[in-house]
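Assemble chain B onto chain A, guided by the hints.
Protein chains in written order, with the UniProt record's numbering: chain A, 1 to 311; chain B, 1 to 315.
It is worth saying that the hints were derived from the structure and are not from the lab. Each hint can be trusted.
Below, in silico cross-link-like pairs of lysine to any residue (SDA-like), each with a Cα-Cα straight-line distance of 20 Å or less:
#  : chain 1 : residue 1 : chain 2 : residue 2
1  : A       : Lys141    : B       : Phe39
2  : A       : Lys164    : B       : Val42
3  : A       : Lys141    : B       : Leu305
4  : A       : Lys90     : A       : Val61
5  : B       : Lys255    : B       : Asn181
6  : A       : Lys141    : A       : Ser151
7  : A       : Lys164    : B       : Thr68
8  : B       : Lys255    : A       : Pro272
9  : A       : Lys141    : B       : Val42
10 : A       : Lys164    : B       : Ala35
11 : A       : Lys141    : B       : Leu298
12 : A       : Lys141    : B       : Gly46
13 : A       : Lys164    : B       : Val49
Chain A is nowhere near these chain B residues, computed Cβ spacing over 10 Å in every case:
#  : residue
14 : Glu88
15 : Val163
16 : Pro167
17 : Asn307
In this text, a Cβ means the ideal position worked out from N, Cα and C, and glycines have one as well.
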Amino acid sequence: MSVSTPPAEKPVPAASAHTSQTAGTRRDGRPRRGVKPSRILLVALLTIAALYFLLPVYWLVVASTKSSAGLFGTFGLWFSDPQWLDNLSKVFSYSDGIFWSWTFNSVLYAGVGGALATLLAGAAGYALAVYRFRGREAVFKAVLAGVLLPSTTLALPMYLLFSKAGLANTYWAVLIPSMVSPFGVYLCRIYAEAAVPAEMLEAARVDGAGEWRIFGTLVLRTMTPALVTVFLFQFVGIWNNYFLPLVMLSDDRKYPITLGLTTWQTAADRTPELYQLTVGGAFLSILPLAAAMLVLQRYWRSGLTQGSVKG
Amino acid sequence: MSTTTSRRTTSAPGGSRRSARPDRAAWGFLLPFVALFLFTFVLPLGYAVYQSLLTPVRSGPLGLGPATLGFAGLDNYALALQQSAFLESFARVLLFGLVQIPVMLLLSTALALALDTLSHRWAGILRAAYFLPYGVPGVIASILWGFLYVPGVSPIVDLLGKVGLAPDFLGYDNVLWSIANIVIWEFAGYNMLVIVAQLKAIPQELYEAARIDGASTWQTAVRIKLPLARPALVLTGVFSIIGTLQLFAEPLVIKPLTSTVTNSYTPNLSAYNEAFANNNIYLAAAESVILALVASVLSFGFLSLVNRKERRDAR
Chain A
1 MSVSTPPAEK PVPAASAHTS QTAGTRRDGR PRRGVKPSRI LLVALLTIAA LYFLLPVYWL
61 VVASTKSSAG LFGTFGLWFS DPQWLDNLSK VFSYSDGIFW SWTFNSVLYA GVGGALATLL
121 AGAAGYALAV YRFRGREAVF KAVLAGVLLP STTLALPMYL LFSKAGLANT YWAVLIPSMV
181 SPFGVYLCRI YAEAAVPAEM LEAARVDGAG EWRIFGTLVL RTMTPALVTV FLFQFVGIWN
241 NYFLPLVMLS DDRKYPITLG LTTWQTAADR TPELYQLTVG GAFLSILPLA AAMLVLQRYW
301 RSGLTQGSVK G
Chain B
1 MSTTTSRRTT SAPGGSRRSA RPDRAAWGFL LPFVALFLFT FVLPLGYAVY QSLLTPVRSG
61 PLGLGPATLG FAGLDNYALA LQQSAFLESF ARVLLFGLVQ IPVMLLLSTA LALALDTLSH
121 RWAGILRAAY FLPYGVPGVI ASILWGFLYV PGVSPIVDLL GKVGLAPDFL GYDNVLWSIA
181 NIVIWEFAGY NMLVIVAQLK AIPQELYEAA RIDGASTWQT AVRIKLPLAR PALVLTGVFS
241 IIGTLQLFAE PLVIKPLTST VTNSYTPNLS AYNEAFANNN IYLAAAESVI LALVASVLSF
301 GFLSLVNRKE RRDAR
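In isolation and in its complexed conformation, chain A is listed as follows (with noise of 0.2 Å):
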C-alpha cells in the first residue's frame, strides 16, 4: 500500500510547508515583514508587468463587442456600442460554420495527438528509466537530439516524405507527428527514475504480474504527475501549432482554428467584414486554453518541479 503511494505528492506539501513557513515568519512580528516602501515598489512592478500581459486580451476582449466600424473607428479600450452576441453568431455561421469544423479539428488533433503522445512517451520513457538494455543510450540520445532540433524545420521534409507516402492533406498528416514527443519521453525518464520504486516492481512480479500489466496498472498510475504534464505540454503545443497544418493541409475543412484565423485575417483585406469575424474568432479561440490554463498552472508547476529537479 504505502509503496503504490507516489512520491509525486511531495511537491505539494513541499510547497505548503513554504506557505506556512511564510506565514510563520509573518507571526514572528519580525519587523522588516511589514509594509515596507520596497515591497510597495515591488508591487507596483508587479501590477504594471500584469497589465502588459493582459493588456492585449483586455483589448479583445473589447474588441471581440464591436462593430466593424467600431473597430476602426473607436478608442480600442473602451466599449462602444456593445453587440457581442450578434458578433460570435456571424463567426460560427459564416461560410456554413466552417468555425465549427476549425474547433473540432483543433480539439481532435491536440486531444488525440495529445493522448497518444502521452501514452507513448510514458511508455518510453518507463522502458528507458527502468530496464537496463542493449541500445539503451542509443535510444535516448536520440531522444535528446529530437528535444533539441526545431520541430519546423522538420515539417518541410516531412511534408515532402508525406506526400510521397499520400499522406498530406489528410488528417494523419497532422495527427502522426503529434503523436511523437522526444521532451515527453525525456521527461518521463527522469521523472519514472525517481518515483517508480524498483521494490514496486519487485513485489508485482512476485504476486506474478506481468510485465504489461505492471505498466497498465501500477506504473501509469505512479506516473500520472508526469503524464499529465506531458498531455498539457504536448496539448497546448498541437493547439497552437502553425507550421505544420500550414504546410500539410491544402482543404481549409480540415483546418485548427490557428490556420483558418489567418485565412481569414489575409482576406479581411478584399473582404473587410472579416476583421470583426478574426477578432471574434480569435477571442473565442483563446477561451478554452485560457481557462485551462488558470485551473491547470498549479497540477503544471508540481509536474514541472519533478523534471526540472535532475534536469
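Using the frame of chain A, we list chain B on its own:
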C-alpha cells in the same frame, strides 16, 4: 505479442530474475514511440538530405522537354549560401536572439524571484496573469499585437499620439523588435513558471540558514536562489534558442501589415517560400538541412558550454 512477453516473464521462478528477458519487454514499451520517431524525425531528415542533393534537369531542345531528376551534389547548398537574402535571414534571427532571449529571461527570472517573496494569494493571481499568454497560440498573439501596432486601430498608438509620440511599430528599424515583443509576451510567463518550479524545489533549510546568517531578501535571491535556479535557466535558454531559429508564424502574420517584412525574413520563412511559392523543393530541402544543422550546433554548443562551465565551477 504482449501476452507471450508477460507469460514468459511471469514464469521466471520467483520473479527475482527480472533480467531474464528485459530486452524484449523494454523494446515492447519502446517500439511504438521509436517507430513513430523514425517516421517523423529520422526519415524526413534523411529524405531532406536526399532531396537536397537533387535537381531537375530539363531535356530536349531549348530545355522544353520533360524534366528528369539529376544528381546535383552540393549545388543546392552552394546556391542557398550564395543567396544574400537567405544569409541575411540568419543574421537577422541571430541578432533577434541575442537581444530577445536575454531580455525575456531577465524578465522571467525577475518575475519569478519577485513572486517567490510575495505572499501566497497575490503570487497566485499574478502568476496566472503572467502565464495566460502562453495559452494564446503564436499566430493569434501575432494577430492581436498586429492590431495593436497598426495606427488607426491601435489604442496604444492612439494614446502615444496624444502625448506627442508617433511610434512606427512596423517601420524598418522597429519591426524586428515589435516581433520580439510578441515572442516575449508569449513565453516570458512560461519561462517564469519553469523557474518558479525550480525555486520551489529548493530545500527550505537553506533559506532558514540564510536568515539566521542575517541575509537580506535581496542577498538570498541573488546568492542562493539564482545559482540554484540554474538548471531551469539552462532549460529555458536552450528552448529559447531553438524557438528563435524556428521563428515563422509571427513574421508571417505581420508581413501583410508592413512592406519591411520580406518573403525571406527568417530562414524558416525562406525555406517555406522556396518550397511553396517558388516550387523549388530541392533548394528548400537544402535550406531546411542548413537550418537544422545551425540549430543543433547552437543548442548543443550552448549546452556543452554551460556544462563545461558547471564542471569548472564544481572543481
